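Chains as they are written, first to last, in our numbering: chain A, 482 to 597; chain B, 940 to 1048.
Calculated from the structure, these hints are not laboratory results.
Just so we're clear, the structure is a prediction, and the values are computed from it rather than from any experiment.
Among the clues, some could well be false.
Claimed, not checked - Rough simulated footprint, nothing fancy, chain A against chain B, three-plus residues with beta-carbon under 8 Å:
| id | stretch |
| --- | --- |
| 1 | 983-994 |
| 2 | 1024-1032 |
| 3 | 1035-1047 |
Idealized CB from N, CA, C, for every residue including glycine.
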Amino acid sequence: EVQLVQSGAEVKKPGESLRISCKSSGYSFTNFWIGWVRQMPGKGLEWMGIIYPGDSDTRYSPSFQGQVTISVDKSFSTAYLQWSSLKASDTAMYYCARHSGLPDYWGQGTLVTVSS
Amino acid sequence: QSVLTQPPSASGTPGQRVTISCSGSSSNIGSNTVNWYQQLPGTAPKLLIYSNDQRPSGVPDRFSGSRSGTSASLAISGLQSEDEADYYCSAWDDRLYGFFGGGTKLTVL
Chain A
482 EVQLVQSGAE VKKPGESLRI SCKSSGYSFT NFWIGWVRQM PGKGLEWMGI IYPGDSDTRY
542 SPSFQGQVTI SVDKSFSTAY LQWSSLKASD TAMYYCARHS GLPDYWGQGT LVTVSS
Chain B
940 QSVLTQPPSA SGTPGQRVTI SCSGSSSNIG SNTVNWYQQL PGTAPKLLIY SNDQRPSGVP
1000 DRFSGSRSGT SASLAISGLQ SEDEADYYCS AWDDRLYGFF GGGTKLTVL
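Whole structure, please, built from the sequences with the hints as guidance.
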């Protein structure tokens, strides 16, 4: 059974750094792209970017290029989404999703709250 | 403003058939397949339709998808109260990244 399990909710202050994680199981981690999707409070889904764990090839939406970093650790079948300096506007639910072309299996979501 | 355009809302009564549209362009829907997702309140999205018209195992055949030119549609027949949710279309773009539609909130009256 394919499962993506994300790390728990985070509360951070503006300017702080953060890395959230998504651990995959039930499939060959290095053979599927995996990516991140943002959902701001009361809003729709936004595709952020994806990474291919086999060679770490990464693609970002222009809206998120330079704002976040997507990475993987193949030895732990885990993908990461990282910010170096959070803003209040980063407050959102973040979902990881395995991609078979487009997202198919989804994690449960990680709520990130950025507030002073 | 999303690149893929969906109506913000749709509604129907139990047993009715409703359709939700998704309009794109030649660089996304016109040249790539479309997925549809259902998001129940407070939960993660769930894959409903993939490759324009394919249902994953476990999705009732009341849900169907189609694509024509630069548009796609999701149809739900025999509407049930548990179908009340947000629905999103998604397509890959030839500029090498993905898009979601703005989402459609379906209300079962």
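To see whether the hints hold, each was checked on the structure:
1. 983-994: Satisfied; 6 residues make the cut.
2. 1024-1032: Satisfied; 5 residues make the cut.
3. 1035-1047: holds (count 8)
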